[in-house]
Each structure stands twice: as C-alpha cells, then as structure tokens.
Amino acid sequence: MYEIFSEQILILDSAIRLSVPLLLACLAGLYSERAGVVDIGLEGKMLGAAFGAGAVAYVTGNAWLGLLAGIAVSVALALIHGFASITNRGNQIVSGVAINFLAAGLTAVLGQYWFSRGGKTPPLTDGGRFPEIDFPFAEQMMDVPVLGLIYSELLSGHRLLVYIAFLAVPLTWWILFRTRFGLRLRAVGESPAAVDTAGISVSWLRYRAVIACGILCGFAGSYLSIAISSGFGLNMTAGKGFIALAALIFAKWRPVSAMYTCLLFGYLEAFAINYEGKEIYLIGEVPSQFFQALPYILTVILLAGFIGKAIPPKAAGVPYLKERS
Amino acid sequence: MSAGQLPRWVDLGLIPFLNLAAAFLVSGLVVVLIGENPLEAVKILVWGSLGYGEGIGFTLFYATNFIFTGLAVAVAFQAGLFNIGGEGQAYVGGLGVAFACLALDHYVPWYVTLPFAILGSALMGAAWAFIPAWLQATRGSHVVITTIMFNFIAASFMGYLLINVMKKPGSMQSETRTFEDGGRLPFLNDIFPSFGFGYAPVNLSFFVALAACVLVWLLIWRTKLGYEIRAFGQNATAAVYAGMPPVRIIVVTMLISGGLAGMMAINEIMGSQHRLLSDFVTGYGFVGIAVALMGRAHPVGIVFAAILFGMLYQGGAELSFEMPSITRDMIIVIQALVILFAGALEHMFRPTIVRLFTPSRALETKEA
Numbered sequence: 045m046y047e048i049f050s051e052q053i054l055i056l057d058s059a060i061r062l063s064v065p066l067l068l069a070c071l072a073g074l075y076s077e078r079a080g081v082v083d084i085g086l087e088g089k090m091l092g093a094a095f096g097a098g099a100v101a102y103v104t105g106n107a108w109l110g111l112l113a114g115i116a117v118s119v120a121l122a123l124i125h126g127f128a129s130i131t132n133r134g135n136q137i138v139s140g141v142a143i144n145f146l147a148a149g150l151t152a153v154l155g156q157y158w159f160s161r162g163g164k165t166p167p168l169t170d171g172g173r174f175p176e177i178d179f180p181f182a183e184q185m186m187d188v189p190v191l192g193l194i195y196s197e198l199l200s201g202h203r204l205l206v207y208i209a210f211l212a213v214p215l216t217w218w219i220l221f222r223t224r225f226g227l228r229l230r231a232v233g234e235s236p237a238a239v240d241t242a243g244i245s246v247s248w249l250r251y252r253a254v255i256a257c258g259i260l261c262g263f264a265g266s267y268l269s270i271a272i273s274s275g276f277g278l279n280m281t282a283g284k285g286f287i288a289l290a291a292l293i294f295a296k297w298r299p300v301s302a303m304y305t306c307l308l309f310g311y312l313e314a315f316a317i318n319y320e321g322k323e324i325y326l327i328g329e330v331p332s333q334f335f336q337a338l339p340y341i342l343t344v345i346l347l348a349g350f351i352g353k354a355i356p357p358k359a360a361g362v363p364y365l366k367e368r369s
Numbered sequence: 151m152s153a154g155q156l157p158r159w160v161d162l163g164l165i166p167f168l169n170l171a172a173a174f175l176v177s178g179l180v181v182v183l184i185g186e187n188p189l190e191a192v193k194i195l196v197w198g199s200l201g202y203g204e205g206i207g208f209t210l211f212y213a214t215n216f217i218f219t220g221l222a223v224a225v226a227f228q229a230g231l232f233n234i235g236g237e238g239q240a241y242v243g244g245l246g247v248a249f250a251c252l253a254l255d256h257y258v259p260w261y262v263t264l265p266f267a268i269l270g271s272a273l274m275g276a277a278w279a280f281i282p283a284w285l286q287a288t289r290g291s292h293v294v295i296t297t298i299m300f301n302f303i304a305a306s307f308m309g310y311l312l313i314n315v316m317k318k319p320g321s322m323q324s325e326t327r328t329f330e331d332g333g334r335l336p337f338l339n340d341i342f343p344s345f346g347f348g349y350a351p352v353n354l355s356f357f358v359a360l361a362a363c364v365l366v367w368l369l370i371w372r373t374k375l376g377y378e379i380r381a382f383g384q385n386a387t388a389a390v391y392a393g394m395p396p397v398r399i400i401v402v403t404m405l406i407s408g409g410l411a412g413m414m415a416i417n418e419i420m421g422s423q424h425r426l427l428s429d430f431v432t433g434y435g436f437v438g439i440a441v442a443l444m445g446r447a448h449p450v451g452i453v454f455a456a457i458l459f460g461m462l463y464q465g466g467a468e469l470s471f472e473m474p475s476i477t478r479d480m481i482i483v484i485q486a487l488v489i490l491f492a493g494a495l496e497h498m499f500r501p502t503i504v505r506l507f508t509p510s511r512a513l514e515t516k517e518a
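In the order they appear, the protein sequences are chains V and X. Take the position in the first sequence, starting the count at 1, then add 44; the result is the number in this note's numbering. Take the position in the second sequence, starting the count at 1, then add 150; the result is the number in this note's numbering.
In case anyone wonders, no lab produced these hints; they're calculated from the structure. The beta carbon of each residue, even a glycine, is placed where N, CA and C say it ideally should be. Honestly, I wouldn't trust all of these hints.
Unchecked claim - Residues from chain X shown here face chain V by an in silico Cβ test under 8 Å; the list is partial:
#	residue
1	F232
2	T296
3	I298
4	M480
5	L490
6	M498
Sequences are here, hints too, so could you generate the full structure?
What follows is the structure in structure tokens.
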C-alpha cells in the first residue's frame, strides 16, 4: 500500500514539473484571449523564449539574464502578433501560424549560426540554470511517514519558476477580477464598443494584454531551457503551446480552473511516461499514444458541449474597427 | 476603404507583390545578419529551383503537395471556414493510399491502383475532417480549434498504427513494407525523358493535382453547391435566409477540403516514398494556408503560389548546400514572413496605396 502511495507521489511530483510550462502558457493565453485577441502562437512564443533564455544564459552564465532575454524575445513576438491583429486588424489565426513558423525557423537558423551544434545551445554552466530550492528541514522530514514524502518530494525541491507559476494563478485571478485594469481587460474581450464609448483606448488595452501574454510565455519558454533542462534543443516545446491552448479552453478561460486542467494534463503525461510499456492495474497495457492524444480528445469532447459548455469571450478573434466607413 | 476603390490590377497584382516583396526584404535582412550576401542567396535559390531539369523536377514535386493542401484551405475559405487541419488530414489520407497500394500492388498495374488510391486518400482525409465539421455545424465548436486538436490526435493515431499494427515485421523503422510496381506512380522522368528531371521524384500525381484545380474551379464557380458555398462564405445570415441549409454547406465544404488535403498523400506515398511512413507531412498542411492566402483562394493563383513555395523548398535545399551557414530552416523563416506579410499584415500597405491612387481632386470634393 505504502509503495503505491510513494509511487503516486513520484508521479505527482513529475506531473507538477510537466504542468508548469503548460500552466504559464495557459495563463498567458488567458490574458490575450480574455482581451479578445485569439492566440494560437503560444507555441512559437515559448519556443522563441526558450531559445533566447538558453542562448543568453549560456553566454552570460546567469540564469536571471537568461530569463530576461527569454521574456524579451517572447514579448517581441507578442508585439508582432499585436501589430498584425490590433493595429492592422489582420486575421489573428493567420498571424499566430506565422509566429509559430517564425520562431521555429529563426531559432534553428540563428542557433546553428551562433553555436554550430545543429540548432542546440551548449549545455549550461551552474550559474546559467535555476537551481532546485530545498525547503527547510526537507532532509529531516523525509523519514516522517506520509507527510514527510509529500513535503520533501512533492512540495520541496522544485526550481524557482515552478513556484512562480503557481503564484501566478492567484495573481492572475486578482488582476482579472479585482482590479480596474482586469475589469476593463475582460470588458474589451466581450464588448470593445462599450469600452470605447467609456473613453478607454481599446488598442492600448489589448496591447497591454498581448504584452502580459508575452511575458508569461517568456517564463514558460525559459522554464524549458534553463530550469527543467540545461540548454535549448530544436523544437523543444513539441506542441506544449497547443496543449496549453487546449487547457485554456478546457478551463473555460478561468485562472484557477486553468491550474487544475494543466495539472491534469501534466499528470496524464507523467502517468504515460511512468507506465510506458507496463501493465496498468485492472486495465492492462495502454499504448502511450493514447495518453498523448488524451488532452486533445478531452478538449474536443468539451468543445462539443458534452461536459459543460466552453463559451469563449464574445469578441475573441474579432478586430475592433472604431469608425464605420 | 472598400475593394472597389482600387483598380483590379492593383488589388490582385500590386498589393500581393508589395506584401511578398516586404517578406523577401526581411528574409534578406536575416541573411545579412548571418553574414552572407542576400543577392548571392537569391541567385542560388533561383538557379537551384529553376536552373536545371532536376531542380525543376523537385520544385514541381513540392508544388504538387502545396497545390493539394492549398486547394484544401481555399475551398474552406470560400465558405468562410478556416481549416488548419490539413496537416492531420493529409497524414490520415496516407492511410487510404497505403490501404489501396498494399491490397492491390501485387495483382494489378498502377493505373488500376490509382483510382482506388485517390478515392482512399480523399475518403480518409474527409473522414478526419468530418468530426470538426459536424461539431462546427451543429454544436458551434470553432473549427479552427478542433482541427488543431485533430492534427495532434492524427499524429498519435498514426504513430500507434505504424508502430503497433502496420509495421513491416522485423523492421526497426515505423513504416509499412515497400509497395511493388502496382503501387508506384511512374516518375515524370520516365514518361518525358527529354525534360531531364533526373532523380527528381516528380510523378504523375502532378497532373492529378492540376485536374483537382480544374475540378475545384468548376465546383466553386460553376455549380449550385459552389454558389451556395460562396454565398455562405460572403454572408452566412443572408445565405440561410435565402434557404440554404447551413449544416449541409459546412459539412460538405469541410469534407471536400479534408479530401483534398488527404490527396496530398498520393504524391508523397504512392508517388515518391512507395511506403507509408511516420511524419511524411512535415508542415505541408500548414504551408497550404500560405499558398491559399497568396493565391487568393483561386485555383490559378494557387498553382502559381504552390510553384513559388516549391521553388523555396527546392532552392532552399540548394542554398543550405552552397552556403553552409544558412541551414534549411531558412525556408521556414521565409514561409513565416510570407504568411505574416501576405496574410496577417495583408492590409498594411493598403491605406497608402489607396491614397496614392485616389486623385487629389476627388479627395477635396469628398472632404468639402
């Protein structure tokens, strides 16, 4: 019995690690889509950030500078998306596709040019990577039954960005639902004309939402290259941006639900890794591809309206045209 | 700023040209950043894709893929739908081709297999588009999101089939057995040796693609269904008011779109690889979006745009060979910029152009 428990704790522990990039990207998308800018370029922004962070952290040997660089790259890509979809009122889906391609291409081309390692960045030195944070008395608590395992394995020993990601959830909730900025941000995603009538700039609000999205994607990408692994690898986001998008819909564009959804998707991934090729109790062997597809299948079922209904912000994807002509 | 304000040649010629020029200009800047000469790069790219027979052959081979995926996106565009699931639909379409070829290649020549392969790929591609289409039509789930999800589901599904079910026994690679002659389309080099296509895999499916262009044109502009699709795309409310059934239009359009995307597999699987293998689509479905945008969702435009992207693919390969500091991924950068400038920033130059083409007197009278 205790062995099953400790095994589950280890799976949960890796579920947390795996859910962090999803959670950060999901919250990023939340700001953008709540303000009415649909963003399928989360993947590209994460990838760009992962590359920027990996490259700068290697060159400077400083994880913090790496993080800043990651955020800068991601915000720059977010501003391109903003320029296309807010200022030029272009198609937001097309712009998102372009951002994804741009990040995939540029990281590979520049990575090869700068480091000549087939697109990878060189492995980081100690200072270039965020260290694991051990909670006080984690060693000693290890021997306490049940609680000790939860404290030392599950809660302690993650890297800084993990804790930042989970702190970002209440922060996002507070910003969106308890501040004036948040109220306006949600309003501009539902009825931009009303916001405009109140004398508030629709464009400036949406730009701020897109920048917030860029910052969070920057954290997500940096986590991949300078926290959970040591350096950037080609296409290292591997669809995580799209799982985050699925999670955003699954969570019905709400921050706390987003956290639970990302934990669920992270758990599915950890579970699949743990049980790869092994028999699952009472079920038998389940192909790992099934677990890979499960987040997407669940999201489609949700979108079909069979488990609650996911209703996006009303003005999502619709460019705002101030004057009629 | 309605479209009618500009002469037709400006709308269909000058503005797309400017957008494309901007995309190539920025690509050139990237080349400069890497420390290479962009003009030299353009020279290598054009020579590599059009300068000799084998290069042209490769260009046309890639163009065949892009014609199919571009048509797929374009047909959906006409109905106001955005099908970005071409990637998954083409991948599953490969299954249809493989079924036909694996079943028939021992017994009949390729021209008997081909109709079954076309049918199989179109059916499988359409089937993969059906659920997103149905959900969009009846439950209002956005087709963009569901088709993205289905791309990933396709990757897992095909991965499972290729590793666990269809894999050639004893092989390490996740691929089926190689087809016999009955499952191989003839290469154009064997039909027209005088063109000197050499080892380029361009094959008979190039003509299938051109035929598909003609059929799509006929469908969209010369049939009742096409009229309904266009009417629905222009103004869904008006179309429904005129008595056109929205569920049927959405589902049928998406099935045609998915079928066209699936047919891309004929070129790759039956035309070139001669076996079903994992990840053979590698972005062709997404490039279809750029092709449809540049081709203004019209078959003629799509053929030109597909050849342009075929040139980029083939020329880019040549470029990475001649200039080792520029990797093949440079093509992806150029594609991204084309999608950005020709798609998302489509209207960036428009206000300036409108100002240039509006006689100043007309402006004065309007303001007065």
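Okay, the hints, checked on the actual structure:
The beta carbon of F232/X comes within 6 Å of a beta carbon in chain V, closer than 8 Å, and the hint placing it at the interface holds. Taken as an interface hint, T296/X checks out: its beta carbon lies about 6 Å from the nearest beta carbon of chain V, inside 8 Å. A least Cβ separation of about 6 Å between I298/X and chain V falls short of the 8 Å threshold, and the interface hint therefore holds. A least Cβ separation of about 5 Å between M480/X and chain V falls short of the 8 Å threshold, and the interface hint therefore holds.
The closest approach between the C-beta of L490/X and any C-beta of chain V is roughly 4 Å, which is under the 8 Å cut-off, so the hint is satisfied. Here the hint on M498/X is kept, as its CB sits about 5 Å from the closest CB of chain V, short of 8 Å.
Consistency note: the structure conflicts with none of the earlier hints.
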